[in-house]
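**Student:** Below are the chains, spelled out letter by letter.
Protein chains: 2
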Amino acid sequence: MQFSVGVEYALHCLVYLVNLPPDSPIGIKDLAAYQGVSDSYLSKFFTQLVKAGIVRSVPGVKGGYELAKKPEDISFWNVVTAIQGEASLFQCKEIRHNTLPFRENKFQCYSEKCLINSVMLEAESHLKNYLCTKTIAWLHENLDKHIPEIQQEQKRWFKEKLYNR
Amino acid sequence: MQFSVGVEYALHCLVYLVNLPPDSPIGIKDLAAYQGVSDSYLSKFFTQLVKAGIVRSVPGVKGGYELAKKPEDISFWNVVTAIQGEASLFQCKEIRHNTLPFRENKFQCYSEKCLINSVMLEAESHLKNYLCTKTIAWLHENLDKHIPEIQQEQKRWFKEKLYNR
DNA sequence: TAATTATAGATAAAAATCATCTATAATCAG
DNA sequence: CTGATTATAGATGATTTTTATCTATAATTA
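Here the protein sequences line up with chains Z and R, keeping their order.
With the working numbering applied, the first sequence has no gaps in its numbers, which climb one by one up to 836 at the end.
With the working numbering applied, the second sequence has no gaps in its numbers, which climb one by one up to 836 at the end.
It should be emphasised that the hints constitute simulated quantities derived from the structure, not laboratory data.
Check each hint, because a few of them may be wrong.
Remember, identical chains collapse to one label, so a pair may be satisfied in a single copy or spanning two.
Here are the simulated lysine-lysine pairs, PhoX-like style, with alpha carbons at most 25 Å apart [to be verified]: (1) Lys764 - Lys799; (2) Lys715 - Lys777; (3) Lys741 - Lys777; (4) Lys764 - Lys816; (5) Lys764 - Lys700; (6) Lys700 - Lys799; (7) Lys777 - Lys799; (8) Lys715 - Lys805; (9) Lys799 - Lys830; (10) Lys722 - Lys777; (11) Lys805 - Lys733; (12) Lys700 - Lys733; (13) Lys764 - Lys715; (14) Lys733 - Lys799; (15) Lys715 - Lys816; (16) Lys741 - Lys700; (17) Lys777 - Lys816; (18) Lys741 - Lys764; (19) Lys805 - Lys777.
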């Protein structure tokens, strides 16, 4: 069981977007070139970020993507669900229903959800609550503290790209 | 990203084991027959539960599996890691290292772990801590409350199997 | 209107998951 | 001691998910 790499791509890209001036969308080509992946690949994640209301897309010449919300209003959890979907980590397969007494029709299927399922959902909500507290603004700020040279270089590159459109 | 069904099989089976008298291991055949899966399939999970010290295996005639700990000392988290392994949910793929300035060797790879990774690990620890508080004893007790008829039937069946060995 | 850009869908390789079957090793009952 | 029973290990294959790319289409603005 693993988080999708898509989450990693999305989080990094959102930080790039924080650094851009307002009303100046950046194209997927530049984002993909910087990340070293194909545009079609990265664009898939951005389509999902658009649907989740995290970024806004501007079609046509000099179009691209820009943040649709303030960075402090975009949580890690928002990004995770945008990319992976809303489905919970633990999907009860209801294997009880394949158990002997059920196969012999001694019991009917019961709608009542499995206890195990409820425990797992509760556990997941703890993970969720924590990820809701961490935002893109926080990430941006702390990256600047931790790896200032790389952040500077990254900002420089995107601003140049923006200028040359 | 999804939990393995193996966790579901394991949790259910462990509850069966709670219901058995001490020093009377039950064979994988009976467990598998009750669950409606092949013995070889279920035995895989039990091998992992043995390695995790959750159950004990008794080889030879009239052998089988029995709990290696008290049910109140087996947490959901123990079972999850026994089945899924210890690997954390979020594996940082370090996609930063494929980013333009790194490809151009402007920066060397840095050993320092990614900030995103640390956030994800912290989030996971919240999930972990909750799952550590829920035990097989708790599950057993609450299943008896929620679905007493099914629990009765299940106990009856396993005790009969034990008797006829 | 033509170039640019996002969007959608088709495709495919690789990895993980699910499930079974077979072979082997250990051990206990007779 | 021997043979039946049982756990353990490994091989196998089907199915699904993940990762990644390419192509085609639709929208828009310079």
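**Student:** Hints first: check each against the structure and report whether it holds.
**Tutor:** Here is how each hint holds up against the structure:
no. : hint            : verdict
1   : Lys764 - Lys799 : both (22 Å within a copy, 21 Å between copies)
2   : Lys715 - Lys777 : neither (48 Å within a copy, 29 Å between copies)
3   : Lys741 - Lys777 : neither (57 Å within a copy, 31 Å between copies)
4   : Lys764 - Lys816 : between (45 Å within a copy, 22 Å between copies)
5   : Lys764 - Lys700 : between (41 Å within a copy, 22 Å between copies)
6   : Lys700 - Lys799 : neither (32 Å within a copy, 39 Å between copies)
7   : Lys777 - Lys799 : neither (39 Å within a copy, 37 Å between copies)
8   : Lys715 - Lys805 : within (24 Å within a copy, 39 Å between copies)
9   : Lys799 - Lys830 : neither (34 Å within a copy, 42 Å between copies)
10  : Lys722 - Lys777 : neither (46 Å within a copy, 35 Å between copies)
11  : Lys805 - Lys733 : neither (32 Å within a copy, 54 Å between copies)
12  : Lys700 - Lys733 : within (11 Å within a copy, 66 Å between copies)
13  : Lys764 - Lys715 : between (29 Å within a copy, 19 Å between copies)
14  : Lys733 - Lys799 : neither (37 Å within a copy, 46 Å between copies)
15  : Lys715 - Lys816 : neither (30 Å within a copy, 47 Å between copies)
16  : Lys741 - Lys700 : within (23 Å within a copy, 58 Å between copies)
17  : Lys777 - Lys816 : between (63 Å within a copy, 19 Å between copies)
18  : Lys741 - Lys764 : neither (39 Å within a copy, 27 Å between copies)
19  : Lys805 - Lys777 : neither (49 Å within a copy, 30 Å between copies)
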